[in-house]
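Chemist: Spelled out from the first residue to the last, the chains are:
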Amino acid sequence: MGNETNILEVRDLVIRFSLRGRNLTAIRGASLSLAEGETLAIVGESGSGKSVLVKSFIGMLDQNGRVDAGSILFEGAELAGRKTEEDWLPIRGRKISMVFQDPMTSLNPLLKVGRQIEEVLELHRGLSGKAASLAAVEMLDRVGIIDPQRRAGQYPHEFSGGMRQRVVIAMAVACQPRILICDEPTTALDVTIQAQILGLIKALQRDFAFTTIYITHDLGVVANVADRVAVMYAGKIVETGTAEEVFYDPRHPYTWALLSSLPQLGVKGHPLYSISGTPPNLFREIKGDAFAPRNPKALKIDFEREPPMFEVSPTHRAATWLLDPRAPRLQPPEAIRALRAKYLEAEA
Amino acid sequence: MSAVAAEEILLELRDLSIDFKLKGGETLRAVKGASFAIKKGETFGLVGESGSGKTTIGRAIVRINEASGGEILWKGRRITGRIDRELDLEVVRKIQMIFQDPMASLNERAKVDYIVAEGLYNVRRDLGEAERQALVEKALLEVGLLPEFASRFPHEFSGGQRQRIGIARALIMEPELVVCDEPISALDVSIRAQVLNLLSTLQRDKGLTYLFIAHDLSVVRFITDRIAVICKGDIVELAETEELFARPLHAYTRSLLSAIPVPDPRVERARVPIAYDPSLHDYSRQGPIWREVFPGHYVLANEAEAAGFGREFG
Chain A
0 MGNETNILEV
10 RDLVIRFSLR
20 GRNLTAIRGA
30 SLSLAEGETL
40 AIVGESGSGK
50 SVLVKSFIGM
60 LDQNGRVDAG
70 SILFEGAELA
80 GRKTEEDWLP
90 IRGRKISMVF
100 QDPMTSLNPL
110 LKVGRQIEEV
120 LELHRGLSGK
130 AASLAAVEML
140 DRVGIIDPQR
150 RAGQYPHEFS
160 GGMRQRVVIA
170 MAVACQPRIL
180 ICDEPTTALD
190 VTIQAQILGL
200 IKALQRDFAF
210 TTIYITHDLG
220 VVANVADRVA
230 VMYAGKIVET
240 GTAEEVFYDP
250 RHPYTWALLS
260 SLPQLGVKGH
270 PLYSISGTPP
280 NLFREIKGDA
290 FAPRNPKALK
300 IDFEREPPMF
310 EVSPTHRAAT
320 WLLDPRAPRL
330 QPPEAIRALR
340 AKYLEAEA
Chain B
0 MSAVAAEEIL
10 LELRDLSIDF
20 KLKGGETLRA
30 VKGASFAIKK
40 GETFGLVGES
50 GSGKTTIGRA
60 IVRINEASGG
70 EILWKGRRIT
80 GRIDRELDLE
90 VVRKIQMIFQ
100 DPMASLNERA
110 KVDYIVAEGL
120 YNVRRDLGEA
130 ERQALVEKAL
140 LEVGLLPEFA
150 SRFPHEFSGG
160 QRQRIGIARA
170 LIMEPELVVC
180 DEPISALDVS
190 IRAQVLNLLS
200 TLQRDKGLTY
210 LFIAHDLSVV
220 RFITDRIAVI
230 CKGDIVELAE
240 TEELFARPLH
250 AYTRSLLSAI
260 PVPDPRVERA
270 RVPIAYDPSL
280 HDYSRQGPIW
290 REVFPGHYVL
300 ANEAEAAGFG
310 REFG
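Which chain is which? The protein sequence lines are A and B, in order. Per numbering that gives the first Met the number 0, residue 0 is the first one in the first sequence, and the count goes up by one each step. Per numbering that gives the first Met the number 0, residue 0 is the first one in the second sequence, and the count goes up by one each step.
Take these hints with a grain of salt, some might be off.
[What the hints assert, rightly or not] Calculated from the model, a selection of chain B residues having no Cβ within reach of chain A, i.e. all distances over 12 Å:
| id | residue |
| --- | --- |
| 1 | Glu25 |
| 2 | Ala109 |
| 3 | Lys205 |
| 4 | Arg284 |
[Stated by the list, open to error] Each computed DSS-like pair below joins lysine-lysine, with the alpha-carbon atoms no more than 30 Å apart:
| id | chain 1 | residue 1 | chain 2 | residue 2 |
| --- | --- | --- | --- | --- |
| 5 | A | Lys54 | A | Lys111 |
| 6 | B | Lys93 | B | Lys110 |
| 7 | A | Lys267 | B | Lys205 |
| 8 | B | Lys74 | A | Lys267 |
| 9 | B | Lys93 | B | Lys39 |
| 10 | B | Lys31 | B | Lys93 |
| 11 | B | Lys22 | A | Lys111 |
| 12 | B | Lys93 | A | Lys267 |
| 13 | B | Lys38 | B | Lys74 |
| 14 | A | Lys267 | B | Lys39 |
| 15 | B | Lys38 | B | Lys93 |
| 16 | A | Lys54 | A | Lys82 |
| 17 | A | Lys267 | B | Lys137 |
| 18 | B | Lys74 | B | Lys31 |
| 19 | B | Lys38 | B | Lys231 |
| 20 | B | Lys93 | B | Lys231 |
| 21 | A | Lys267 | B | Lys38 |
| 22 | B | Lys205 | B | Lys39 |
Worth flagging that the hints you see were computed from the coordinates, not collected in a lab. Glycine included, C-beta positions come from ideal geometry on N, C-alpha and C.
Generate the whole structure from the sequences, applying the supplied hints.
Modeler: Structure (structure tokens):
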């Protein structure tokens with residue numbers, strides 16, 4: 000699209016892993032653009048490749064993984080070919096940082112919390128000594144930790160799960176990144192704590208003016224935070240649009256299935272819409288639409304040729320043959336029509 | 000309890016307390032005098048956050064945790080403390096449990112055949128090998144798995160299939176009550192619907208009663224008939240599901256309801272979560288008691304609070 004305000008442009012990205020002599024194609028040609036200041040949610044199930052995709056933005060693919068084709072342009076600089084730690088140092092943790100599901104993946108259990116934030120400040124912002132420790136305490140205060148001076152001297156095990164996640168967020172934001180990636184940041188937390196953490200990330204985004212990518216399977220979280228949504232299935236982005244477009248006017252059968260299998264949208268006493276089968280084996284070549292074998296209404300062409308991205312609106316695109324002018328007109332499932340009707344009624 | 004007296008009560012908790020001994024001789028009271036009754040054929044939800052004591056109650060019902068005070072009754076007979084052998088065997092069979100994490104709750108080194116049949120080795124020693132195998136096959140078919148899976152190991156299965164194995168292991172005992180402890184929260188979104196549908200089908204076909212323990216009120220709303228809300232060891236509210244959503248009384252229930260994320264951007268962006276502040280209860284003059292405010296709708300509140308609920312919803 001070549002839009003100047005896009006902070007990140009991913010084009011036809013292919014990522015493979017070698018496992019016991021075989022190649023697993025985790026990302027099968029994904030394209031994505033991220034506008035400065037927005038919040039993008041990447042939705043998908045485990046194995047869809049959503050975590051692999053964002054890990055490639057900060058050079059954190061596992062040893063056996065590699066970018067085989069495509070490009071990742073961040074503020075005009077190519078990230079796809081970078082290999083060594085040195086290549087990544089100016090980007091990872093500095094320009095693009097990441098918050099993981101389990102806060103203990105990012106925290107050192109043997110180091111005081113304040114010290115861990117100081118390290119980030121020393122490495123990326125050149126602070127040291129008193130200045131670093133003051134800034135660390137300030138960051139703890141900023142993420143809502145009460146009595147930050149005293150808490151900075153404590154170890155991670157002295158914090159609750161929600162408080163640990165706040166510490167991790169403080170570490171991720173301390174270097175004033177341009178992009179913050181949040182990988183299931185609230186999945187391990189209670190719902191009341193979850194709401195607080197989402198609110199905190201929003202407030203920080205406003206104050207520090209970064210761009211946010213969420214990775215999640217929780218469509219409630221997506222509805223809460225996302226300006227735009229990208230739906231991933233079997234290593235591909237199958238639908239992308241504004242939150243309104245994806246929730247109220249989804250076009251891809253997988254997005255239909257994902258939304259209508261939610262108990263929140265189900266009707267009590269009736270079976271939930273459920274997706275049969277399991278995602279495809281990514282060790283094998285996938286022919287046609289990867290979702291076709293699980294889609295009871297798949298067309299003949301879905302098994303033969305891979306659908307391109309069809310444009311629904313300038314902001315909304317989906318890779319399904321249903322959008323081809325020659326395709327039969329299929330109604331989305333009941334739960335989605337109900338969601339849309341409720342929305343249109345409220346808008347009117 | 001007049002409203003439920005006409006229906007058969009399968010399981011009843013009476014003033015159940017459960018203590019854990021901590022290092023240094025201290026005691027932690029995880030469950031503080033919980034009372035509720037589960038009716039035959041219903042799905043009863045027990046909802047709370049981590050550390051609320053909801054799983055502890057579930058484990059006390061299958062007698063993994065011991066009661067420190069109060070009692071649990073199975074069809075009117077006490078099953079906490081010392082009980083006779085015959086009742087013990089009955090309860091072992093009739094109350095089964097499904098666990099949250101299907102990756103952690105199956106013996107990695109045993110074949111599915113043994114995992115599913117393990118309970119039978121204890122309570123059905125009369126069975127011959129062929130009969131036992133036939134029961135395993137039947138249980139696997141009932142949960143939508145193929146009989147030939149019996150000879151495989153757990154690691155060969157996906158999360159959803161493992162949870163089905165966990166359900167088959169419970170079903171083979173021909174239970175009447177199944178304690179489901181967060182049975183879908185570790186599963187992928189598309190698999191959750193499959194497992195929820197399976198649980199409903201089994202309930203209909205076999206007349207099962209479920210105690211569904213969960214933190215996610217949106218899932219609980221979809222499948223339960225009644226819900227009890229537990230907060231830090233206290234049951235604070237109990238009502239029929241739609242009644243609870245229409246008229247949440249306790250401040251903690253309101254906070255929990257306000258925190259549920261809804262997959263609808265318009266609604267979700269407007270949602271304002273309410274934080275629960277225990278200090279808002281003024282119990283200086285009168286402490287809270289368990290009271291029926293509307294028919295079948297119970298709440299832990301004092302006189303003044305109850306009068307307030309009456310005015311608000313009267």
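Chemist: Hints numbered earlier in the text: which of these fail when held up against the supplied structure?
Modeler: none
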